[in-house]
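So the sequences go chain by chain: A and B. Per this note's numbering, the first sequence starts with residue 1, numbered consecutively. Per this note's numbering, the second sequence starts with residue 1, numbered consecutively.
Keep in mind the hints are simulated off the structure, nothing from the lab. Check each hint, because a few of them may be wrong.
Since the list gives no way to pick out one identical chain from another, each pair is judged satisfied if it fits inside one copy or across any two copies.
Stated by the list, open to error - In silico DSS-like cross-links for lysine-lysine, where the CA-CA straight-line distance does not exceed 30 Å:
1. Lys240 / Lys289
2. Lys240 / Lys116
3. Lys221 / Lys289
4. Lys289 / Lys95
5. Lys125 / Lys95
6. Lys221 / Lys116
7. Lys188 / Lys125
8. Lys221 / Lys240
9. Lys95 / Lys240
10. Lys125 / Lys372
11. Lys289 / Lys125
12. Lys300 / Lys240
These numbers come from a predicted model, not from an experiment.
There are 2 protein chains.
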Amino acid sequence: MDRPTNSTCPEGFLDRLDAFSQIGTTDDGGVDRVEASPANGLARRELARRMEAAGYRVLVDGIGNMFGLLELAEQFAGQEAPWVFAGSHIDSQPKGGRLDGAYGVLAALEAGQALKERLAGRPAKANLAVVAWTGEEGARFQPSLLGSSVHAGILPLEQALARKDGNGVSVADALDAIGFRGRDQAPKPSAYVELHVECAPALENSNTRLGVFDRWWGAHKLELLFTGATAHTGPTPMAKRKDALLAAAEVITGLRRLADAAPAGALHTSVGRLEVLPNSPNVVPDSAKLFIEIRSVDAKVMADTHARLMELIPYAATLARVAHRIVRDEYRAPGAFEIGLRTLAREEADHLGILPMSLETIAAHDAMPVAKLCPSVVIAVPSRDGLCHSPREWTDPRDLELGVAWLGGILERLVVDGPESV
Amino acid sequence: MDRPTNSTCPEGFLDRLDAFSQIGTTDDGGVDRVEASPANGLARRELARRMEAAGYRVLVDGIGNMFGLLELAEQFAGQEAPWVFAGSHIDSQPKGGRLDGAYGVLAALEAGQALKERLAGRPAKANLAVVAWTGEEGARFQPSLLGSSVHAGILPLEQALARKDGNGVSVADALDAIGFRGRDQAPKPSAYVELHVECAPALENSNTRLGVFDRWWGAHKLELLFTGATAHTGPTPMAKRKDALLAAAEVITGLRRLADAAPAGALHTSVGRLEVLPNSPNVVPDSAKLFIEIRSVDAKVMADTHARLMELIPYAATLARVAHRIVRDEYRAPGAFEIGLRTLAREEADHLGILPMSLETIAAHDAMPVAKLCPSVVIAVPSRDGLCHSPREWTDPRDLELGVAWLGGILERLVVDGPESV
Chain A
1 MDRPTNSTCP EGFLDRLDAF SQIGTTDDGG VDRVEASPAN GLARRELARR MEAAGYRVLV
61 DGIGNMFGLL ELAEQFAGQE APWVFAGSHI DSQPKGGRLD GAYGVLAALE AGQALKERLA
121 GRPAKANLAV VAWTGEEGAR FQPSLLGSSV HAGILPLEQA LARKDGNGVS VADALDAIGF
181 RGRDQAPKPS AYVELHVECA PALENSNTRL GVFDRWWGAH KLELLFTGAT AHTGPTPMAK
241 RKDALLAAAE VITGLRRLAD AAPAGALHTS VGRLEVLPNS PNVVPDSAKL FIEIRSVDAK
301 VMADTHARLM ELIPYAATLA RVAHRIVRDE YRAPGAFEIG LRTLAREEAD HLGILPMSLE
361 TIAAHDAMPV AKLCPSVVIA VPSRDGLCHS PREWTDPRDL ELGVAWLGGI LERLVVDGPE
421 SV
Chain B
1 MDRPTNSTCP EGFLDRLDAF SQIGTTDDGG VDRVEASPAN GLARRELARR MEAAGYRVLV
61 DGIGNMFGLL ELAEQFAGQE APWVFAGSHI DSQPKGGRLD GAYGVLAALE AGQALKERLA
121 GRPAKANLAV VAWTGEEGAR FQPSLLGSSV HAGILPLEQA LARKDGNGVS VADALDAIGF
181 RGRDQAPKPS AYVELHVECA PALENSNTRL GVFDRWWGAH KLELLFTGAT AHTGPTPMAK
241 RKDALLAAAE VITGLRRLAD AAPAGALHTS VGRLEVLPNS PNVVPDSAKL FIEIRSVDAK
301 VMADTHARLM ELIPYAATLA RVAHRIVRDE YRAPGAFEIG LRTLAREEAD HLGILPMSLE
361 TIAAHDAMPV AKLCPSVVIA VPSRDGLCHS PREWTDPRDL ELGVAWLGGI LERLVVDGPE
421 SV
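So here's chain A without its partners, still in its complex pose (with noise of 0.2 Å):
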């Protein structure tokens, strides 16, 4: 980069990017930024003094979420105009990289500003809020998309502020350390945007620079149990071993046969985690847990395997002679993001002179959990390599640059003319 970085009088949007990975970076050139970590906490910060720099006014709701709230259109017989949403998230992976989630915001707050300048008091039919959801990424809380489950109603608040994270601090603690656990009641939304690097390789692999996300992809995960009993693997008899690891292979083989009879692309498996115990070389082994995982874009794929999966594993246990048990079992399911939405990002993407690339996303984002209140979509710009949660992260600050111009074009369309015009 012949850039200077940290400008404390910064001339663009990329240098207000820059600016802004500087919080938490790491050696590598990478950010932690980690839910509710210091850095975290210097980054919303940040987030907020330059939201109220560019006249917004700040709001922090009761798990954190941050929502900047420009109020651009006229009210009608008292009654308050809709809002038209845009954001993505600020936390990190702990190796994470400076575009996954706080490129969104950033854009947005960017492209709000400049939306804010070209109105010019004009009145438009709908408001602006950008919004930095809480813990979307899940690395310290979980579940994933934290914030934007509770605002959409999905995970109650309560539940929400209980979960606590592998030294047992609890989201309510985490997040009054940092002060960032408020009291403000949000607006809703009738429309949310979310601008995100792609995280996969399809837009660089085809040379497109701007992508709409279609469709997301649905997961069930599982924690799975098999209990047998431990006995000398030299004399016990083989017919009357209780083997807990057997049970585990069967599945793990059996899932993936799954997917393997599946069409391509059409269904994902996989056991990532296998705790064995007592894990000894001449010990039949008591017990197994399986951390398992199907996607599908499908519904009914998702439906059949899991079906298919529920025959597996007792047929493995009984193969094994082992008891069973499903310790969790969480279902999202798979979904399609709006299509006026889809479509009014197409257009404005046509405007810049480019042909969007239409793609499904595995990888989770908060666009999901909003789509349960209104219209929702995510745009995508190329990420090199197809990477997210790394270090290395990166898109050409040209493309960068481009999907500013883009999210500005799809708000502009949406506050002026109304979400409900979609």
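Dock chain B against the given chain A, drawing on the hints supplied.
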């Protein structure tokens, strides 16, 4: 037990066995005399004291094997008479029992003393050595059967001394710490008889009091490492994953299929330990290390199964797109104890009015490496529920005394007639 333990003036064999069991005793009635631990050192000193008190000359060799020598034979033309060995081991598992090993050593000491009294100076054709082998259990130092393997010339002394425990302490240093790294040159055996509790339920199940091990099972023990690549379990296409855990699961299930396809009791296979990295729910594992065992009494079954495993491993690696490496591949061949000694043991049981049962041992015994040097055999009394390696080890005291009498008869024949008479 209505008999006082830890008696200062023992009356009989059972009292002396009880008193010995107090060394390293645990709350649950078992013992913890792991090799070269302080308790093991105490047990070794007590054994040496008892040997000397009974007129044995005590030697300790370079690997800590203890020998109590009774010179019962005349020398012919200055040539040393052959040595008949009897014994077992006095180390234990961390949560071991009172009988596994110690019974065989103390019974040999007892039988030898009685034999010496019966001979009353009448010259015999062979001398007798009572032996306690170092590190039979393999609980602290691997491999198991350490001392007998060195004595039999299977394992070089320097290599055995260099083996380290989990804390990095070498066998040499551990033996020095308890004062039992000796310098004595011990005689080599011309016959070896080991009396042991059965450690399996065959005698108990058939209501038989004495057993002769005819054969021992072989064992392949392997460490197998699969190496893939980490990737996100979400977006990474199935066909691009390099899933080390999947390869491990294919081997675990495939190996079990081999055992299931064999006649009942012909083949035992296991994977008792599996190390997965990074073992995170949403990361495809890039490393999986399996600890594999294959056991059979049939050398052809061992070879065939090993060959099938060598086909299974690259198959699993190819399927999961990972690399594979066999880190360790140790083989102990199955074998038969010497027919002459087994016949002699049966004849001596017959004198006691008992038809002994024919047994196979899957667990390892020091008589297996010693069988490389000379005719060897393991003879057994029952163990309740077939238990060994448990504080709950127990054998009917009448059976314990019967075993001593049986061993005494066998040793008398070997010493008086000479081992070459068998």
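Hints, one by one, checked against the model:
Taking identical chains as interchangeable, the C-alpha atoms of Lys240 and Lys289 lie at most 30 Å apart whether they share a chain (21 Å) or sit on different chains (25 Å). Taking identical chains as interchangeable, the C-alpha atoms of Lys240 and Lys116 are never at most 30 Å apart, the minima being 75 Å within one chain and 47 Å between chains. Within a single copy, Lys221 and Lys289 get their C-alpha atoms as close as 13 Å, and across copies as close as 25 Å, so both meet the 30 Å cut-off. In the homo-oligomer, the alpha carbons of Lys289 and Lys95 lie at most 30 Å apart both inside one protomer (27 Å) and across protomers (26 Å), since each shortest distance falls under that limit.
Within a single copy, Lys125 and Lys95 get their C-alpha atoms no closer than 41 Å, and across copies no closer than 77 Å, so neither meets the 30 Å cut-off. In this homomeric assembly, Lys221 and Lys116 never come within 30 Å of each other (Cα to Cα): the closest approach is 43 Å inside a single copy and 73 Å across copies. Taking identical chains as interchangeable, the C-alpha atoms of Lys188 and Lys125 lie at most 30 Å apart only when both belong to the same chain, with a minimum of 16 Å there against 102 Å between chains. Taking the shortest Cα distances, Lys221 and Lys240 sit within 30 Å of each other only across copies (21 Å), while inside one copy they are farther apart (32 Å).
Taking the shortest alpha-carbon separations for Lys95 and Lys240, only the inter-copy value of 23 Å comes in at or below 30 Å, while the best intra-copy value is 47 Å. Taking the shortest alpha-carbon separations for Lys125 and Lys372, only the intra-copy value of 22 Å comes in at or below 30 Å, while the best inter-copy value is 95 Å. For a Cα distance limit of 30 Å, the shortest separation of Lys289 from Lys125 qualifies neither inside one copy, at 54 Å, nor across copies, at 62 Å. For the homomeric pair Lys300 and Lys240, the shortest alpha-carbon distance between copies (24 Å) is at most 30 Å, but the shortest distance inside one copy (39 Å) is not.
Hints 2, 5, 6, 11 from the earlier list are contradicted by this structure; the remaining hints agree with it.
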